[in-house]
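Asker: Residue numbers (this note's numbering), protein chains in the order written: chain A, 1 to 442; chain B, 1 to 312.
Rather than coming from a laboratory, the hints here were simulated on the basis of the structure. Treat the hints with care, as some may be off.
Rough simulated footprint, nothing fancy, chain B against chain A, three-plus residues with beta-carbon under 8 Å [as the list claims (entries may be wrong)]: (1) 37 to 43; (2) 87 to 100; (3) 106 to 117; (4) 122 to 135; (5) 154 to 162; (6) 292 to 298; (7) 361 to 369.
Glycine included, every Cβ here is placed at the ideal spot set by N, Cα and C.
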Amino acid sequence: MKFTRRDLMRTTAGLAAGVAGSRLIGATPAFAQSEPTYTPEAGATLRVLRWSPFVQGDEDAWIANTKKFTDATGVQVRIDKESWEDIRPKAAVAANVGSGPDIMWVWFDDAHQYPDKLHDVTELADYLGNKYGGWYDGGKDYATKDGKFIGLPLAAIGNAIVYRDSWVKQAGFSEFPKDTAGFLELCKALQKTGHPAGFTHGHGVGDGNNYAHWLLWSHGGRMVDDSGTVVINSPETLKSIQYAQELYKTFIPGTESWLDVNNNRAFLAGELSVIANGISAYRTAQINRDNDPKLTEIAKDIRTTNLPIGPVGKSVELHQTTTAVVFDYTPYPNAAKAYLKFMFEQEQMANWIEKSLGYCCQSLKAFADNPVWTSDPIAAPYSKASETLRPNGYSGPLGYASAATMADYVLVDMYARAVTGQATPEDAMAEAEKRANRYYRV
Amino acid sequence: MASTTASTKGTSSRLAGLTESRGWLSAWFMLPAAALLLVFLTYPLGLGVWLGFTDARIGRPGIFIGLENYEYLWDDSVFWLSVFNTLLYTTVASILKFVLGLWLALILNENLPLKSFFRAIVLLPWVVPTVLSAIAFWWIFDSQFSIISWALIEMGIIDQRINFLGDPTNARASVIAANVWRGIPFVAITLLAGLQTIPQSLYEAATLDGAGRWQLFRYVTLPLLTPIIAITMTFSVLFTFTDFQLIYVLTRGGPVNATHLMATLSFQRGISGGQLGEGAAIAVAMIPFLLSAILFSYFGLQRRKWQQGGGD
């Protein structure tokens, strides 16, 4: 792809191509006054550590856009990737030892574990927010601390129901139920027809937490209240556990051992009728690299929808959220900010979201009209992920306690203990309360 | 002038003392090893112990809080579950590895056809990276795609899949089985090396005295193999007790922490959860157990009676 100066001026902070392509200058006239400029340090090189892609188009587009940045500025950018579950420990170690990648894509409330080690990007975030319709609240919460941006909200990885349309119809449901009561009935019917549902009760960082938080929040439960007091032991939580117990009876056996990949694998093998997952499950079937005719049939039969609405009366989900942080130890903070600015500008960001095929939901509202959300109806439920997401540890403050409580699978274990009969719902709640209190330090 | 000469002589003799004295030379030669131990062993260990007494978190150095981390752990059911799991895992896996490893070593010590080939094959599980073998076991124990379940169903022995990693008891048995599979070669090959040091003449003499196969094993092989067994099993116990990768790949400590070992819980709390102090405290809590294993081996090896095959 040829990258012209016109492109440069229109889409980015602008690069003064005549000055060896190393100086970023103002771009859109309407925001020219408040637009920050970042001149990469002499000899700057950057190292970015991101999670391994689930949709290849995401990585390809990011690398291609990065190359455009390098071509324009001369700043070499090395992009490394790690299995997404290993990002959290890697980021933790980098923050602690003060050495590692300059920029990292972290998950959930990781940034709140080491806010002092992160570069303040408020100026850049304000500029991007003003220019592109504002940040969604959920992503912004994860990326801000005490009113300052300690990272840029990059994307929400939407979680939605992925199901086999023909099997749902065969079970007697012309459309997928919208509420939790109807959903339970559907799961019972699916079990009877031999095509059960399956949701992760094991230590799956994404799927396990997504499901457990949906169970809790859809019934009005919370881990902590606004002040950070643990309130998990509540009638609402009890109802959610009882609901989970009923659902679990209809599941395929073994869900308490599932990690993140199990549900996709079983679903794509035709073992399951309903799972909750990112769009990657559908894309894997759709792209069908091995031209497996069975997978082609599954892709045609797949439908998606948002998780059912519970007694709270609105859609509330965790989703996964990823934030791009710049570590304070980087010798090239200006180059890092110039790079992020470039990647968040219209042409690059829109292209990246589109090529991610619905896996990455925009963090800036102006990108909500991306054609990826309308070109394929399967992607539609994922388009609202950033809008409907609730941060981990709702409704308390984000920080060490919320991150540690999630990392210790307190909520996931609470449901797993109860549904497998290892504890009564009351005992499971009491233990979760005790474990959460250890982090929230009562 | 005279005093200058005397001073020079004094310096050179001191230098000679430093370079030629046996005591000093020994110290010089030991210095690199001591420095390595200090930097790569003592310092990290000391730091870990210190962190266990602090409330250090990721990105924050923490302050001294005495035994608070240990007090929290004392009341933590998940921690005690991990201690139980670790002891169960280590004990059962070590016994199985010893019995099966010794059995394999005795077989390989016989004059079998293709002996070298079999000896090489036996090492394979040990050579394969743990993560790779763990992924293989992940498939073998999968709740939907297990080849064991499939084979048993095909043979008509069972009518539904085995929930290998979902049921707590099955999950514990499964991870132990995977660890045993991986650990047997180390025990077998090391004991085989020990078996080959036993002089053939002892067997011949015992045979002339009328000893049978069992008596040969009981009164010749086993006593002479005891020092090797002690050191092999010490290492085996240490490896098993500190196992991490198998659990991390197979279960992440699930279901409901039924397979969490102290090492995996320490990582989960310390690194993933950011509670460095508590994670370090869990790791430090492993030291008494490890120390016991080492002391057992040390004193066992020092016992002349043991070395000569006698009892206490």
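Asker: Each of the hints needs a verdict: does it hold here or not?
Answerer: Hints and how they fare:
| no. | hint | in the structure |
| --- | --- | --- |
| 1 | 37 to 43 | violated (count 0) |
| 2 | 87 to 100 | holds (count 6) |
| 3 | 106 to 117 | holds (count 5) |
| 4 | 122 to 135 | violated (count 0) |
| 5 | 154 to 162 | violated (count 0) |
| 6 | 292 to 298 | violated (count 0) |
| 7 | 361 to 369 | violated (count 0) |
Hint check: violations occur at hints 1, 4, 5, 6 and 7; the rest are consistent with the structure.
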